[in-house]
Structure formats: structure tokens, C-alpha cells
Amino acid sequence: MASASVLSPIEAAPPSGVAAAAPLPDVLPPVKPKKGFIGFVRRNPTMAFGAALLLLMVLVAIFAPLLGTVDPTALAPAKRTREPSALYWFGTDMLGRDVYSRVLYGARVSLIVGFSVAILASVAGMAIGMVSGYVRLLDSVIMRVMDGLMSIPPILLAIALMALTRGSVQNVIIAITIAEIPRVSRLVRGVVLSLREQPYVEAAVAAGTRTPAIILRHILPNTLAPITVQATYICAAAMITEAILSFIGAGTPPIIPSWGNIMAEGRALWQVKPYIVFFPAVFLSITVLAVNLLGDGLRDALDPRMAKRL
Amino acid sequence: MSAALLDVTDLKKHYPLKGGLLGGTTGYVYAVDGVSFQIARAETLSLVGESGCGKSTVGKAVLRLFDITSGQVVLDGKRIDDLSTGALRAVRRRVQVVFQDPFSSLNPRMRVRDILAEPIRNFGLAKDGRDLEARVAALMDKVRLPRDAVNRWPHEFSGGQRQRIGIARALAAEPDLIVCDEAVSALDVSVKAQIVNLLQDLQQELGLALLFISHDLAIVEHMTHRVAVMYLGKIVEVAPKRSLFAAPKHPYTEALLSAVPVPMPGKARERILLKGDVPSPINPPKGCRFHTRCPYAFDRCRAEEPRLNHVATALDPGHVAACHLHDLPAAENPLAVAKGAALVAA
Numbered sequence: 001m002a003s004a005s006v007l008s009p010i011e012a013a014p015p016s017g018v019a020a021a022a023p024l025p026d027v028l029p030p031v032k033p034k035k036g037f038i039g040f041v042r043r044n045p046t047m048a049f050g051a052a053l054l055l056l057m058v059l060v061a062i063f064a065p066l067l068g069t070v071d072p073t074a075l076a077p078a079k080r081t082r083e084p085s086a087l088y089w090f091g092t093d094m095l096g097r098d099v100y101s102r103v104l105y106g107a108r109v110s111l112i113v114g115f116s117v118a119i120l121a122s123v124a125g126m127a128i129g130m131v132s133g134y135v136r137l138l139d140s141v142i143m144r145v146m147d148g149l150m151s152i153p154p155i156l157l158a159i160a161l162m163a164l165t166r167g168s169v170q171n172v173i174i175a176i177t178i179a180e181i182p183r184v185s186r187l188v189r190g191v192v193l194s195l196r197e198q199p200y201v202e203a204a205v206a207a208g209t210r211t212p213a214i215i216l217r218h219i220l221p222n223t224l225a226p227i228t229v230q231a232t233y234i235c236a237a238a239m240i241t242e243a244i245l246s247f248i249g250a251g252t253p254p255i256i257p258s259w260g261n262i263m264a265e266g267r268a269l270w271q272v273k274p275y276i277v278f279f280p281a282v283f284l285s286i287t288v289l290a291v292n293l294l295g296d297g298l299r300d301a302l303d304p305r306m307a308k309r310l
Numbered sequence: 001m002s003a004a005l006l007d008v009t010d011l012k013k014h015y016p017l018k019g020g021l022l023g024g025t026t027g028y029v030y031a032v033d034g035v036s037f038q039i040a041r042a043e044t045l046s047l048v049g050e051s052g053c054g055k056s057t058v059g060k061a062v063l064r065l066f067d068i069t070s071g072q073v074v075l076d077g078k079r080i081d082d083l084s085t086g087a088l089r090a091v092r093r094r095v096q097v098v099f100q101d102p103f104s105s106l107n108p109r110m111r112v113r114d115i116l117a118e119p120i121r122n123f124g125l126a127k128d129g130r131d132l133e134a135r136v137a138a139l140m141d142k143v144r145l146p147r148d149a150v151n152r153w154p155h156e157f158s159g160g161q162r163q164r165i166g167i168a169r170a171l172a173a174e175p176d177l178i179v180c181d182e183a184v185s186a187l188d189v190s191v192k193a194q195i196v197n198l199l200q201d202l203q204q205e206l207g208l209a210l211l212f213i214s215h216d217l218a219i220v221e222h223m224t225h226r227v228a229v230m231y232l233g234k235i236v237e238v239a240p241k242r243s244l245f246a247a248p249k250h251p252y253t254e255a256l257l258s259a260v261p262v263p264m265p266g267k268a269r270e271r272i273l274l275k276g277d278v279p280s281p282i283n284p285p286k287g288c289r290f291h292t293r294c295p296y297a298f299d300r301c302r303a304e305e306p307r308l309n310h311v312a313t314a315l316d317p318g319h320v321a322a323c324h325l326h327d328l329p330a331a332e333n334p335l336a337v338a339k340g341a342a343l344v345a346a
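So the sequence lines, in the order shown, correspond to chains G and P. Last residue of the first sequence: 310 in the numbering used here, with the numbers rising by one and none dropped. Last residue of the second sequence: 346 in the numbering used here, with the numbers rising by one and none dropped.
No lab work stands behind these hints: they were computed from the structure. Any given hint could turn out to be false.
[Claimed, not checked] Here are a few chain G residues that face chain P, going by a calculated C-beta distance under 8 Å:
1) 199
2) 200
3) 202
4) 203
5) 205
6) 206
7) 207
8) 208
9) 209
10) 218
11) 221
12) 222
All residues carry an ideal CB built from backbone N, CA and C; glycine is no exception.
Bound conformation, chain G alone (with noise of 0.2 Å):
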């Protein structure tokens, strides 16, 4: 052993008859955590495939005239009701339309309303919890208007707004936004009013930094985490919002083909040619679990206090 000799003269030369204890076996090894992509899947295995299964279906939206699909559009009488089959995947509708290729474009209006309706949710409720946060004197105000829109359920807040409009996709974009953002500015709300407590914070303040520079600088990039964890379940509620509107025949008008529309054309035909309504809600299930499942995983990796596993 080379560092024998540092050792004092005692330890290193044992009495005769004593037995020097041998060297302790290195019992935990250094954990090396693996690096770049595939350590990033083992460490977020929920995340990774909620992103992976998300990043499909928005390739899938993105790509679908180039995925064997026919015009989502074009009725065939005489073609109708056909049961899935090596021509007609997902087989046809009741007008004879391509259910594969409805279901496919259908992701579309599915994803951009989700994606759409997070950003806008998050954008304004931001704003909205931040003046709250920040401006006691507006606070109770708007919190006592939002607690009145969070007292309507957000499908019949949408529902109603609806039926004051038209139907289109950015409609419903809008509907559903105003619908969530109650939500998103009491977590703003939330959290500002925590971190504005903060040392740091306080700290700043004594710095000299004015109030809008501490909003931008320290309290706004605090709120993100939560905020984008947020996101994403606002996202997958969005998409369900979506759907149930046009199932009812209050979302996207009939001509787009959205989920919700196959699934309420094919509602008729549910006990006789269930896989019109099968095909789309499986989609949609999937695609609200991925999203959550990204939020999940989000919300762990931001947040590993929140976390639920051990």
C-alpha cells in the first residue's frame, strides 16, 4: 500500500498475533448517471413516451395526405357503411366518406385547439395573475370575477359561448380559452403571491430594481414551471372540450371532420357500425394521454417535490 507510510509507526506495523483487518470492499459504487438522450428516457421513462406518443399524432396531423388518405371530404353513396378492411382501413361513414382519412385530418383541428387553447389559457392567465398578484387593490376584483366564471362548469361556459357565435375552429379556440383561463390566473395568483415574499425578491427590491423589472426578472420566470405543467393538462382538457362541442353539434362545423364530428355522425350508427365512433375515440384517448402523461412527467422533473413517486 503506498500511503502505508503516512500511516504512524503503530498502525503501520501491527503487533504479532493481531490480524490486520483487510481492505473493505467498495459495498456502493459510484452511481454514473448516463448522459445525453437515452439517460434522459431512463430518468423520465412517463414523459418520454407521453412526448413520443404526442410528437407521433402531430406527425401524423402534419402528414396526413402523404399517409394513404383519400379527401376526408368526398362522399361516395355508394360506398357506405363498409366495414374496415384492407381498402377502407378504418372503413366508411354513412355517407361513404374515408373514416381513416377523417380520423387523420381530424387530428388536426384536435391539435391545434389543444395547443391553441394552452398558450392563449396560459398567456392571459399569466397576465391576468399577475396584475392580481401584484396590484392588491385590483386583486379582489378579479378574483371575484373569475370565481364567478369558475362557478359555471368550463363545458357549459364553452357551450354557452357557442351558441352567442358561429361555428369555426377559432371560435372554439375561443370559447374554451375564456372557459379556462379562471383556472390559470388563480395558480398565477398563487404563486406570485408566494414568490413575492421570497428573500430574493426582497432582496432585489432593496437593490433598487423597480417593480416591473422584478415581475420580468424575478417573479415571471419563477411561475414557468408550474405554468407549463399547467399547460398541459389545460391542453388535454381542451381537446376533450372539443370534442364533446362538436359531438354536440355546438364545436366545429360539420364540414370539418374533427373526432367529436365523426363520432357524433357515427353516433346514430353506434350499435350496428361502432367502429365509426371506435376509430376516433380511440385517437382521442390516446392523444389526451400522451399529453397528460407529458405533464406528468413535466411536473416531476420541474418540480421533484411535488413529485408522486418515491
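Please arrange chain P on chain G, whose structure you already have, making use of the hints.
Only chain P this time, still in chain G's reference frame:
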């Protein structure tokens, strides 16, 4: 003391208690209730007391992190408690803060460089980008952190290192006074000693005044010039360190000092155990606030609130205490004998 850097007079901070159906004010928390003290340039004044006595509120009032209820805070001859937001910004540079928790006192989303540059930019202290870099580097040198650590994030540092960054941020504004709000309480003993020594070195080097808020009397004894003892929103005793530790002139201080462990095996000092809890600051006791727990309390203590007066029997003329015992004849005053001094001599 006209040359005082900071002169606080009769500072009060009452927090309204909201309650009831209409959210009306149902009472007040008398967090700080008439506190006066001065700090000279390059002096350390320690503010000690148990938790909840209003120490930190005093510190935040000096920093003007909120509006005070009444009283005056005068910095270098200029009143700062009634300044408007704009006028206040110019004064803010002169009073900076170091907080207790090194983990929440640095913004996790800012690099060290940006944390240190923020006050420099705010107060326009740097001439150009180069000067800014040089100042940041100089700050890192001052707190003995490697210069190349400026590109790191706060979470990459240990507690002691973070506290150094916090001190560097406070120094960045080139202040005259730093409020250290329990600045070393969250650190372990060896790191604590390093930070205390760093603060002392910086004080000598830069002529800083420190308002050192702490509950740790051993640290206070090591680094302070004067000590102010707070109990339930009031200062009960102010004295130069030597005089206070040798001969406390308030029963509360005496009890506090008796709780400091003696670093000598087998040599325990006589502990004075206070009975009961600290009364609520919502409804503080009448008369002397300490009378509910004071071992020497008599009738006058329950009726009349004592004022901070010079104590004739004290070792130092600057020693003031708020206690009726000192109006009694010396023979009847249990605090007249310098018990602490006897202990030190023994």
C-alpha cells in the same frame, strides 16, 4: 449621538388582523412597538431576542421593505421612512441586506454574474460593460470565491458559498449599512465562523456598519460592538458588548445569557429558567411586557411601563435598560451586583 449613521426613533409596525364577515380590522399585531436605537459608522449593533420578538421586522423596516406604522428612520441625517418610491431608490443603495436562508435568498433562475450585476446596474455604478465585469470580479474576490464561478447557477453552490454570494450582492451597491437578518443562523459551525470572520474583515476594510440580527449570543459576543435586546416588540436593554455580557441590567437579558452554554466541562452556570411562553403580540401585557415571566416582578411592573434609562451601577455609561428594579435602592436590586462578572472571574 449626532454622528449616528442610522437613527431609529420610536419605530412602530402594527399589522392589522382581518377577520369577520366583511373583512374588517379586528385588532392589531404589535410586532414592533416603539423601538429606538442608533448605529454609528463602521459599528456593529446586534439585535437579539427570541423568535417572534420583532427583530426581523425592525430589520425590514430599516430596509423599508414596507411602510412603517409610525416613528422615524433617519439615515445619515436624512429621514427615509416617508420618502416616495422614486426618492427612496437613491437611498436604497446605502442600506443592503443579507438574509438567513442561503437557499431562498438567491433567484434560482439567475446566474451569479447577473445576481451581482443587478444592484450595480440599478444604481448606475459601472461606467461601461467592462467596468461592470471588473466590479463583479472584484466582488467575488472580496468574498473569496473563484472569479470564474460567476457563470454558475446558485444551486451549484453550497450553503456557505451561497451566503458569500448574498454578501457580495449586498456589497455590490457599495452600502454604508448592511442588515444581516440571521445571516449565519442557517449555516453549520465551521462555515458560520468563516462567514462571521468575512463580515468582520469586510467591515474593517470598507467601514461598513452592520445591523446584526441574531438569536445566537455566542456569535454576537464574538463580533459585535453593542447589543440591543428585544422582547415582544420592544428593546429592553442596550449596552456595549462587554458591559452587557459581564453585567446584564435587565432580568430578560440575564435569563438569555444564562442559557448560553459554557464551553467548559463540569462548569455549568446557574440557569435561570423562564416560566411560561412569550405572551401574544396581539394583546401584550400591560406595564412591563416581561412581568408575566420575570422572576423579580413586583407591583409597579404590572402597572407602569418602564422606560429605557441609563443604569447607574453599570460598567459602562452607555448602558441603558428598561427595568423598574433600578429605581430601587441598590441593596434591594438583584441586578445591581455584577453576577456575570463574578462568573467570568471565577
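Do the hints match the structure? See the list:
Hint on residue 199(G) holds. Least Cβ distance to chain P is approximately 4 Å, under the 8 Å limit. Because the smallest distance between the Cβ of residue 200(G) and any Cβ of chain P comes to about 5 Å, under 8 Å, the interface hint for this residue holds. At about 5 Å, the closest approach between the beta carbon of residue 202(G) and any beta carbon in chain P falls short of 8 Å, and the interface hint on this residue holds. Taken as an interface hint, residue 203(G) checks out: its beta carbon lies about 6 Å from the nearest beta carbon of chain P, inside 8 Å.
Interface hint at residue 205(G): satisfied, since its Cβ lies 6 Å from the closest Cβ of chain P, which is below the 8 Å cut-off. The interface hint given for residue 206(G) holds, since its Cβ lies 5 Å from the closest Cβ of chain P, which is under the 8 Å cut-off. Because the beta carbon of residue 207(G) sits about 4 Å from the nearest beta carbon in chain P, less than 8 Å, this interface hint is met. Satisfaction of the interface hint for residue 208(G) is found here, the shortest Cβ-Cβ separation to chain P being roughly 4 Å, below the 8 Å cut-off.
The interface hint given for residue 209(G) holds, since its Cβ lies 6 Å from the closest Cβ of chain P, which is under the 8 Å cut-off. Given the 8 Å rule on beta carbons, the hint for residue 218(G) holds: about 5 Å separates it from the nearest Cβ of chain P. Look at residue 221(G): its Cβ gets to within about 4 Å of chain P, closer than 8 Å, so that hint holds up. At about 6 Å, the closest approach between the beta carbon of residue 222(G) and any beta carbon in chain P falls short of 8 Å, and the interface hint on this residue holds.
Checked against the numbered hints above, the structure violates none of them.
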